[in-house]
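Chain A is fixed; fit chain B onto it per the hints.
Protein sequence lines correspond, in order, to chains A and B. Everything in the first sequence is counted per the numbering used here, starting at 1 for the first residue and increasing by one. Everything in the second sequence is counted per the numbering used here, starting at 1 for the first residue and increasing by one.
The hints are simulated quantities; they were obtained by calculation from the structure and are not laboratory data. This structure is a prediction, so every number in the text was calculated from the model and none was measured. Take these hints with a grain of salt, some might be off.
[Claimed, not checked] Going by beta-carbon spacing under 8 Å, a handful of chain A positions derived as facing chain B:
id, residue
1, 172
2, 186
3, 370
All C-beta atoms in this analysis are idealised placements derived from N, C-alpha and C, irrespective of residue type, glycine included.
Letter by letter, the chains look like this.
There are 2 protein chains.
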Amino acid sequence: MSQDQTTQVKPSQFALAWELFRWTPVAIAVGLMAGAASALLLWSLNVATAIREAHRWMIWLLAPVGLCVGLLYKHFGKDVEAGNNLIIDEVHDPKRTIKLRMTPFILIGTFLTHLFGGSAGREGTAIQTGASLADQLARPLGLNAAGRRVLLMAGISAGFASVFGTPLAGAIFGLEVLAVGAVSYDAIAPCFLAAFVGDLTTHHLLQLVHMGHTIYKVDEVPALAASNLLMAMAAGAVFGLMAMFFARTTHAISAFAKKHITRPELRPFLGGAIVSCAVFALGTTRYIGLGVPVIQESFLHQVHPWDFMAKSLFTSLTLGTGFKGGEVTPLFYIGATLGNALSHVLPLPVSLLAGMGFVAVFAGAANTPIASALMAVELFGADAGAFAAIACVGAYLFSGRAGIYHAQRAGVGKQLPEALAAKAEE
Amino acid sequence: MSQDQTTQVKPSQFALAWELFRWTPVAIAVGLMAGAASALLLWSLNVATAIREAHRWMIWLLAPVGLCVGLLYKHFGKDVEAGNNLIIDEVHDPKRTIKLRMTPFILIGTFLTHLFGGSAGREGTAIQTGASLADQLARPLGLNAAGRRVLLMAGISAGFASVFGTPLAGAIFGLEVLAVGAVSYDAIAPCFLAAFVGDLTTHHLLQLVHMGHTIYKVDEVPALAASNLLMAMAAGAVFGLMAMFFARTTHAISAFAKKHITRPELRPFLGGAIVSCAVFALGTTRYIGLGVPVIQESFLHQVHPWDFMAKSLFTSLTLGTGFKGGEVTPLFYIGATLGNALSHVLPLPVSLLAGMGFVAVFAGAANTPIASALMAVELFGADAGAFAAIACVGAYLFSGRAGIYHAQRAGVGKQLPEALAAKAEE
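Chain A extracted, bound-state conformation (with noise of 0.2 Å):
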């Protein structure tokens, strides 16, 4: 799959086709297994909040299921622990198969993290299931590094589609994470068919369990007009400049609690313990969990202007030090109620600017501007979508290099050309 070969080997339809008959049923072997997983994941997570709404004592003990969590992984996990970062890097430099185990493991590690009410998402958890998933089938169907590479392509894809029921988003996602500034295309019709797939198949599992992906609707739309846009864009710029905040808490918890806690195991101890306290004392469970309601308050009403910072904190402790979950509805969250905040000072519907914060700064974070206003267009329609693309791209160019995937490559980077500044030095 190199260059050379593309330039070299010129396809026929006939192969194409041929190639493309044989990669479907790949695809949507690989949609069928994300998808299940990802309504799996969905379900329990139901479940795991319902309890620990039920019986919040349960929050004083999220120190020491953090504790097991970490000996869990210490003694069975080492090799999955890397997680959305050692998928990436098999997708860049693809070496050996992703144990079948990362699926469980943290399908396991992310409910006992909701279940005991720490802060968290469920990205981080579809993409790693649909991608250790989805590797499997390399083996059985004999493939090469650069078949290896579509597969967990795919599966991430497949994973994030699913799990927040926006195929489009999802299948840019799957091609768009892997570098910083830039998407190639050569996976694109796996990744776009295990999407669909994926999210079909999560959508038909959980009618069946009476669930469905949570509707968050923009309620007004103001025309667009020259000084909306430049709203947009200084709004998107504010979005990124938390994501990067949130991006840096996050890793520099992580990198403190991995040089003065030498034993794993008890990062997330006191971690745990440290958010449990602070539930108590601040007397709520708003910020723990996914934190779906306080979201879809969020575009009803003005909400906290400090919830965006709380959640930031509690979710950058629980995952700094070690408990497992994605990052991205903490992030829905964050963005939606620092949107929600900035209707203080900006004048747009309350709606909009949770709806465009909800997308941009999950789109500063995972620097995928794009996925992310596929997502804003899937879920709020294409009025609202076009005030979060322009804060989507906003952010995306202020939430600096690093985002919460290390592994991601550079790509061409971010930054606009020097060219006018070259001729102020003149």
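Coordinates of chain B only, in the frame set by chain A:
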């Protein structure tokens, strides 16, 4: 703007904000100019179409008009004749400012094509006016090559966005059209801003003359089941083959004319003569001009199943012999009518198939699947957009290497990994 610089420079957020602040008025200026030019173009084509349909005898004059346009470009327009390809080349390898002359020449050339009954589009024109106007800012602003590159990309984005009323698709088109199978993001903010400002400008100016963009409506979208997904992919492959057919026919006619007709002004003379005769032999103006009424029809009910082929041949003849104008509206026509024809064999709603073809043949011919998918979402909504996106990916894969813009670079090319095939050979 080399890769090396990127990895060395770690942009501080303040420097970035300053750069963005400086680029913002430039991007807005690009959008204003491109949007104004697009409004002028759309208005003039409206006039041209109305006059021609009221005085059909004018179509007999297509041959001498072709001669005049040929002479005009031969004597005064040699350095702007390469049109879109010249612009793409300058983006990749900026050498010297595109002559301002490109703008009036392409506007007049396109107007004459439509007034006298050639079959052509308008996006080529909008891209050329957008980019050539944008490029005029390079000297007064003292931009270097990297800055000019961004100006041109923003001009392409703004031209495309404004002429079709699809800002998201336009923004991504400017990033995506440059290479096959790759996108890089370094100009993403100016492209987005210019695209939105361009769209707004055209929108406001058109309102002054009581015009607006045509609305196409997909009125029925079935639930996305697995079978529909595979049908959409298969339809996409057909759309891609059609795109390849169109691009190859146009190139072949052009190559044939260049080989056998030494004097360039005689090529459109001959092409015009053939088109005129064909119009009067068939007794219909259905296949000339932009063809917007037929596109609209194809969303409502079944049209002639040969419409797509006739439009393809009329357009290849018109553009291949050297008339001025774009390819994309004819591609929309070809796609919508081909999708319409597929409703005889595929159990999907006529309007959905028309919408899928509308964007997918274009996606295949221009090698821009993401911009095309975004266009579908902007024009038809997210549900129909999902079907259309799958079709765009299929079309992109199957349209072969040579699209309508031969200056496009190779990027990663298009193929599926040959990993599965490798196994079969073992």
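Hint numbers contradicted by this structure: none
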